[in-house]
Structures are given as structure tokens and as C-alpha cells.
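Chain order of the listed sequences is A and B.
Going by the UniProt record's numbering, the first sequence opens with residue 1, and the numbers climb by one from there.
Going by the UniProt record's numbering, the second sequence opens with residue 1, and the numbers climb by one from there.
Honestly, the hints are just simulated from the structure, not real lab data.
Think of the CB as a built atom: it goes at the ideal place given N, C-alpha and C, for glycine as much as any other residue.
Just so you know, not all the hints are guaranteed correct.
[Claimed, not checked] Derived DSSO-like pairs: lysine-lysine, alpha-carbon spacing no greater than 27 Å straight-line:
{"#": "1", "chain 1": "B", "residue 1": "K24", "chain 2": "B", "residue 2": "K6"}
{"#": "2", "chain 1": "B", "residue 1": "K122", "chain 2": "A", "residue 2": "K305"}
{"#": "3", "chain 1": "B", "residue 1": "K156", "chain 2": "A", "residue 2": "K362"}
{"#": "4", "chain 1": "A", "residue 1": "K362", "chain 2": "B", "residue 2": "K84"}
{"#": "5", "chain 1": "B", "residue 1": "K122", "chain 2": "A", "residue 2": "K306"}
{"#": "6", "chain 1": "B", "residue 1": "K122", "chain 2": "A", "residue 2": "K362"}
{"#": "7", "chain 1": "B", "residue 1": "K6", "chain 2": "A", "residue 2": "K317"}
[To be verified] Coverage of chain A stretches by chain B, computed from C-beta distances (three or more under 8 Å per stretch; other residues unrestricted):
{"#": "8", "segment": "10 to 21"}
{"#": "9", "segment": "319 to 331"}
These are the residues of each chain, in order.
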Amino acid sequence: MDNNQASGRHLDASGPREVVYCHQCENEWYLDENGLECPGCEGEVTEIVSPESDPRPGQTVPASPPDLRDLHHHNPWAADSDVSDPEEADIEEHISHGPGGSVFISQTIRSHGRPRATQSRRHPGAGPGNPNEVVRDFQSMLGNLMGPNLRPGQPGRSGQDDLFPRPPMGLRFGSGGVPGGAGPGVIGGRFTYTGRLPPRNDAQAPPDIATYVSRSHHASQSPRNYIRWHGPPGGAGDHEARGGMPAGLQALFGTLLNPANARAGDAVYSQEALDQIISTLMEQHPSSNAPGPASPDAIAALPKKKLDETQLGPEGKGECSVCMDDVHIGDEVVMLPCNHWFHEICAGAWLGEHNTCPICRKGIEGNAPAASSPSNSRRSSQTGQPWSSRPERLHRRSSLGSRLSRENTGGRNEARLDSIRNAGRLTPTEESGPRRWQIVGDDFTRGMPGSYSSPRRRDSEMSVENQRDSRRVHTSGSDRSRDSRRSSGSASGSGNNGGTGPISWLRDRFSGGNDRHNRD
Amino acid sequence: MASSQKRITKELAEVTSDPPVGIKVSLVDESNVHNWNVILDGPPDSPYAVCLLSHTSSSLANSKLIQGGKFKLLLVLPTEYPFKPPVINFKTRVYHPNITFDDKGSMCIGILKAEAWKPSSKILSVLTATQQLLSEPVPDDALESAIAEKFKSDRKDFNAEAKKYTKQYATGK
């Protein structure tokens with residue numbers, strides 16, 4: 001080999017005296033003469049040369065494959081810091097120095113529509129192919145590991161609004177690049193990769209970057225450790241426990257979305273994915289904040305009346321304020337408790353969805369509106385009505401299958417509110433007044449936040465609610481009005497029961513500070 | 001739902017025959033009463049009005065110098081209307097705490113929220129409420145928190161920004 005020739009140009013590192021090499025100015029000297037600091041450039045990026053690991057140009061490193069030799073000079077950081085990157089500020093966000101001199105790189109990687117094509121930015125000054133090759137191997141390995149997890153890019157999405165900006169470094173990882181690899185070829189998609197590199201220019205650190213690379217190469221047992229925290233979750237065979245926040249997210253969204261449209265493996269590390277999930281939630285709960293429906297019995301029980309001068313005035317003309325059709329004396333209308341009248345059809349259509357007067361928003365089944373309005377966020381719960389007894393409730397449940405889902409939405413919200421109140425009171429023996437339209441059925445949406453736009457109606461701990469629900473099933477409803485009165489008496493100030501668990505976590509994330517603010 | 005069309009037609013006739021100041025309404029497609037084009041003038045006392053003198057020549061010199069920016073809106077009435085609220089989006093970009101500053105132009109306004117909507121609310125009242133929102137932003141119910149923050153902390157700067165964007169986007173071109 002060229003060892004002999006090289007030793008002519010270099011100090012002898014195999015002897016008893018330790019040789020120090022400066023990576024900055026390529027100077028070399030004996031340790032006992034000048035110490036660790038470079039006498040030439042006063043740089044501290046120096047390394048003690050050992051026969052096993054000689055960073056000096058022209059020296060052979062027996063332990064590492066010949067291909068890797070160029071990596072001695074390959075500095076992944078320097079490669080791009082030379083380029084005037086317009087987003088250089090972002091690099092600060094992505095490369096951070098951890099404890100013990102270790103370096104964390106976090107970057108977002110996007111693979112493009114060509115599964116086999118590896119996008120690699122050329123590193124200036126890098127030897128032809130060598131670093132790239134290593135990088136490619138590494139990325140192929142990653143790609144294979146993560147390939148099955150990659151979600152195809154979504155059509156119609158711009159793909160530009162990443163949560164994380166462009167990759168700060170030149171490395172781009174293709175996916176599915178290893179021939180015969182296990183992972184299916186994935187077209188499009190992106191993932192975030194967090195790498196942990198040993199410190200690169202530290203005297204106590206592993207001596208050179210070749211060490212790092214070779215370690216990465218035999219890291220087939222460990223790349224999961226590298227990618228675990230930021231890899232897209234939920235891939236095939238990747239169900240081992242994950243810690244930390246992303247794991248919570250994954251579990252959460254998996255739970256939320258699975259029954260709806262089976263989108264396991266949804267990565268939500270980009271704004272668009274989050275947006276999509278939020279929209280999904282909102283679509284599934286279009287009016288979760290709106291007042292719940294009035295019962296058909298109550299609607300049917302509304303008094304019907306023929307219009308006369310008292311309603312229409314001397315002109316004998318008016319209009320139904322729902323359909324805006326003219327009405328005349330003698331037309332039959334229904335009269336709400338608030339003395340507003342409408343066509344029976346018009347009033348029924350609205351009351352079947354929301355128990356409020358179309359004009360003044362007063363509920364038809366009680367003195368209070370049936371649910372919160374913007375000016376009345378903490379709804380009073382004096383809703384006891386003598387005629388809404390238990391048998392009616394049961395009858396409604398069995399006879400109104402088609403409207404069940406809508407009722408369920410309303411009822412669920414009521415139950416949540418009640419459960420919040422109850423939890424706030426901390427008197428477990430006291431049942432809340434069960435809402436008349438409470439449906440005890442269960443569905444997956446039960447655990448979802450009520451709505452994105454109005455955090456104040458979101459429920460507290462699900463366990464509380466479930467517990468109460470199940471108890472409610474076995475409780476006779478005969479004492480309902482008494483309970484309601486009691487709960488109305490003590491409801492004040494009980495709405496700020498902060499929940500725990502993933503739903504609350506999600507809610508807090510989405511609603512920001514407003515939530516607490518509003519409820520306090 | 002036939003009844004919804006009837007009511008919408010009626011409301012449209014009302015709004016077009018007696019249009020409120022600064023609101024112009026037309027149908028996107030004459031055969032479909034559910035989609036309305038609305039042109040809203042920025043209220044004169046707001047940063048959503050612009051001084052036109054610098055832009056146009058003598059023709060306006062002796063008329064009013066201040067004119068509202070022309071904000072285009074799309075109002076969509078669901079088939080369930082009036083049981084479901086209309087949906088309004090600003091087609092013109094608006095620098096406003098309660099209107100998203102993007103090409104969607106979603107607006108956050110109390111009267112249209114699901115829990116606040118009632119069938120007796122009319123389109124006209126929605127439009128005037130929108131106009132009112134331009135005059136009086138509600139920063140505590142913001143969609144654009146950065147703009148809301150500016151509105152609260154530095155009104156002068158907010159006005160300047162809003163004016164700038166009004167000039168840029170809403171001068172009726």
C-alpha cells in the first residue's frame with residue numbers, strides 16, 4: 001500500500017509519540033509538543049492520529065472499506081454551509097447539539113414520484129460518488145425500513161406547506177431503493193428523519209466519520225432507534241410501543257380515524273395532514289355546537305291556532321318568518337311557548353333539529369334554551385318538564401331510528417356537559433338530570449372533540465361520562481326533575497373541569513389557550 | 001327544497017330592489033338562486049376604504065375622494081336554507097382579524113355559527129353584519145391571530161397594513 005510513501009509526508013503516528021492532526025488546516029504535530037490545539041490555525045478541530053484511524057490524506061484506514069476513505073474529508077455540515085442557503089436560519093432549528101457533544105439532525109425528507117430515483121444534491125468537493133454512495137446505501141436502508149409506512153402523496157395537495165421547511169441539508173432519501181428490498185415501492189410521500197450523529201470534531205468522540213458511517217451500516221438493528229421518534233407511524237409490522245408525543249398522536253388519530261375511513265398510518269407531521277384531520281372531525285360534527293333537537297312529542301304537542309287580528313294586526317297580513325310566505329287571517333299556525341308562531345311544517349322542520357324558537361331562540365320544552373348560545377355558554381340546566389317522562393323517552397328511542405344519529409350528537413353533547421358539571425361538583429352519588437334525548441348507544445365518535453371552532457363545549461374525561469352513562473341505564477328516570485333542579489342550583493362554576501387523557505390533550509392542542517379562558 | 005328556493009327568491013328580490021348602502025348582489029348563475037355574488041364596499045370610516053385620487057385622474061376629482069374598497073364575496077345558500085346558515089367567503093383578500101388571509105377568505109361571524117343561526121335571520125342581516133365586521137373587527141374571536149394581535153396592540157400599524165392590502169386587492173379591478 002502507500003503507507004510507506006505516506007509516512008514520508010506525514011509524521012509517524014505508529015511510534016510512541018502521539019500525533020495530532022488538525023482538520024482545519026491539515027497541519028500535524030506531536031501531542032507532547034503543542035497539545036491538542038493547532039499551532040497553525042489555533043483551531044480546536046483536531047484529532048489524535050492512531051494507526052487504526054488516520055484522518056490524514058493519503059493514509060489508509062485498514063478497518064474501514066476503501067470506499068469510505070473519502071469520508072474522512074467529507075463533512076456533511078460543511079457541504080451545505082458553503083452554499084449560501086437562503087434558509088440558512090432554518091438549519092439552526094434542525095441541527096441541535098445535545099448533551100455530551102452529540103449532534104441531532106432533524107430534517108424533513110420528501111421523496112418524489114420516482115421510486116428508484118435517488119435525489120441527491122451534489123456535495124461540492126466530494127469525491128465522485130463515494131459519499132453519495134454511502135448516503136445512498138444508508139437512505140436505501142432507511143427507505144426500506146420506512147417504505148411500507150410511507151403514505152402516498154395526496155393528490156390535489158400542494159405538498160409545499162410542510163410543518164418543517166425544506167431539508168436543511170443536502171441529503172435526500174429516496175425510498176425503496178435497494179433491489180430486492182422487502183418494502184414495496186412507494187411513490188411519493190415524505191417522512192421526517194431524525195438522526196443522531198456522534199459528535200464529529202470532538203477529542204473524546206469516535207475518531208472520524210467513517211466510524212459513524214460504518215456504524216450506521218451495521219445498524220440494521222438500530223435504525224429504528226434513529227427513526228423511531230419521527231418516522232411515520234403505523235406501518236406494517238411496526239406496532240411496537242412508541243414513547244413520547246408522536247406516539248400519542250399516532251394512537252390518537254388512529255383511534256379517531258380508524259372506524260371512519262380506516263386510515264391507519266396517517267402521519268400528521270405536516271400542516272396539511274392536520275388540516276385534513278381537523279376538517280374530517282368538523283365534517284363529522286357539523287352542528288355539534290348547535291342546540292339539540294326538540295322531541296317530536298313536544299313538537300306535536302305545540303298548540304295549533306288559526307291566525308286572527310291579535311297576531312297579524314289590523315292589516316290582517318303577515319309572514320311566516322321561516323319560509324317568508326304570506327299568511328292571512330284564518331291560516332293555521334303553531335304557537336310556540338314564546339308566542340311566536342309559524343307554519344307547522346316550518347316550525348317542525350327547525351325544531352326537529354334544534355330546540356329553539358326560530359326567532360328568539362327560546363326552547364319549546366322548558367324555560368331555558370336547550371343548549372348554549374354564544375351569549376349563554378354555560379347553559380342553565382333547568383329543563384325538567386313533567387311531560388317528558390321516561391316511557392316517552394324509551395318510546396322515542398325505539399321509534400326514531402332514522403333520526404338516531406342526529407339525536408345522538410345532540411344528546412352526547414348534553415351528556416358531556418352534564419358529566420362536566422357532575423365532575424365539577426364531585427358528588428358521585430348525585431345523578432345529573434338525564435337529558436330527555438339521551439341516547440345510551442355508543443359509537444366511535446363519542447370520544448371526539450365536539451368541535452373545532454367552539455372549544456368550550458368539549459367534554460371532560462371520557463371515563464367520567466361513560467361511567468355516568470352506564471349508570472344512567474340502570475337508574476330509573478323518575479326523579480329527573482328533582483335532579484335537574486339540584487344540578488341547576490349547583491352548576492355554576494363547574495364547567496372548568498380540566499380533563500386528562502388523549503382527547504383532552506388533543507383539545508388543548510387545537511384550542512390553544514381559549515379553552516381554559518372561556519371556561520373559567 | 002322548494003320552500004327554500006321560494007324564500008331565497010324573495011330575499012333576493014328584496015335585496016336587489018332596495019339594496020342597502022355599499023352592498024351589491026347578483027346571482028352567479030341566473031338559473032341558480034343558491035349562489036350569490038356580493039360586492040361589499042369597505043366602510044368609509046375603515047381602513048377598507050381607499051383614497052382613489054392617486055389612482056384615477058380627474059373624473060373623480062370632484063366627486064368623493066374616499067371610496068370603499070370593492071370586496072367580492074361569494075354567498076352560498078345551502079339547500080337546507082333557512083335551516084342551515086349561508087356560507088360566505090371573501091373572494092378578495094382582506095387584512096382582517098376575522099377573515100382568513102388566504103384565497104379561501106373564510107369569515108368568522110357570530111350570526112352564521114351553527115349554534116347561533118336561526119331561520120328568521122335573513123341574508124340581508126348577514127350581509128350587513130359582514131359590513132359591520134369590516135368596521136369593527138372582533139379580535140377576540142380571530143381567525144388570523146397575528147392580525148388580531150396587531151389590531152389590539154398597534155392600531156395605527158394595523159390600519160396601515162389593511163389600507164395597503166385594500167389598495168392592492170380591493171380597488172375594483
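Hints, verified against the model:
{"no.": "1", "hint": "B:K24 x B:K6", "verdict": "holds, 21 Å"}
{"no.": "2", "hint": "B:K122 x A:K305", "verdict": "holds, 25 Å"}
{"no.": "3", "hint": "B:K156 x A:K362", "verdict": "violated, 42 Å"}
{"no.": "4", "hint": "A:K362 x B:K84", "verdict": "holds, 18 Å"}
{"no.": "5", "hint": "B:K122 x A:K306", "verdict": "holds, 26 Å"}
{"no.": "6", "hint": "B:K122 x A:K362", "verdict": "holds, 18 Å"}
{"no.": "7", "hint": "B:K6 x A:K317", "verdict": "holds, 18 Å"}
{"no.": "8", "hint": "10 to 21", "verdict": "violated (count 0)"}
{"no.": "9", "hint": "319 to 331", "verdict": "holds (count 5)"}
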